[in-house]
Amino acid sequence: MSDNPMKFSTLSVRFGFAIVLVASLSLAVPGDNNSLADDATKAIGPGEEGARRELAAFQGSWTCYSSEISGKKQPIGVEGDEFDALYSPIFMGDSWFRAQPNGKPRKLFYKVRLNSSTSPKTIDLVRDDIGESLLGIYMIDRGTLVICLNAEKKNTQRPTRFASQEGTPLTVMFFERKSTPANAVAPAP
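So this note's numbering is basically just the index in the sequence shown, starting at one, shifted up by 454.
Treat the hints with caution; some may be incorrect.
To be verified - Okay, derived cross-link-like pairs now, DSS-like style, lysine-lysine, Cα gap no bigger than 30 Å in a straight line:
no.: 1; residue 1: K561; residue 2: K575
no.: 2; residue 1: K526; residue 2: K632
no.: 3; residue 1: K527; residue 2: K561
These are calculated hints, taken from the structure and not from any lab test.
Can you build the whole structure from these sequences, using the hints too?
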């Protein structure tokens, strides 16, 4: 047990928030299951102020504190894990970078496309260089970000709830904000 009673209290509050968030979102009206091509027309563009505000809330460094894949809780931070790059993202502009051990961005991992006008809100993680996209939904509130992704790269079915069940390619990740950007500069491609 920790010598700091506030640490346990803070963790309990975070865990409680995550449970309430998942429970409330699982009751939400399912979003549409449009294809990536349809969602591409809704990607962040000059007229989408809501998506811009949402993307601004993503900016900075995040750490995954809980993850579930195909209904099974996953250990976090296992070096070499295929999802390792997803666990410590750095968001800069519309890009998701993989963090180096020193916390600086290493390389572009995904382009981020948000649609904040749906319920739940949608996120597409796009790798144009290899023709890969992950479709998902997200919820962001202050220093907490929850993302549910369809981890099957060629599958165009978007999750409709923040839940992962055995036998499905769904991944749910809970993040806490590590830092906000301070004139961060993206690495050269």
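Hint check results:
1. Annotation: proposed proximity of K561 to K575 holds, straight-line Cα distance about 26 Å (limit 30 Å).
2. Between K526 and K632 the CA atoms are separated by roughly 25 Å; this keeps the pair inside 30 Å, and the hint holds.
3. Between K527 and K561, the direct Cα distance comes to roughly 27 Å. Compliance with the 30 Å bound is thereby established for this hinted pair.
Checked against the numbered hints above, the structure breaks none of them.
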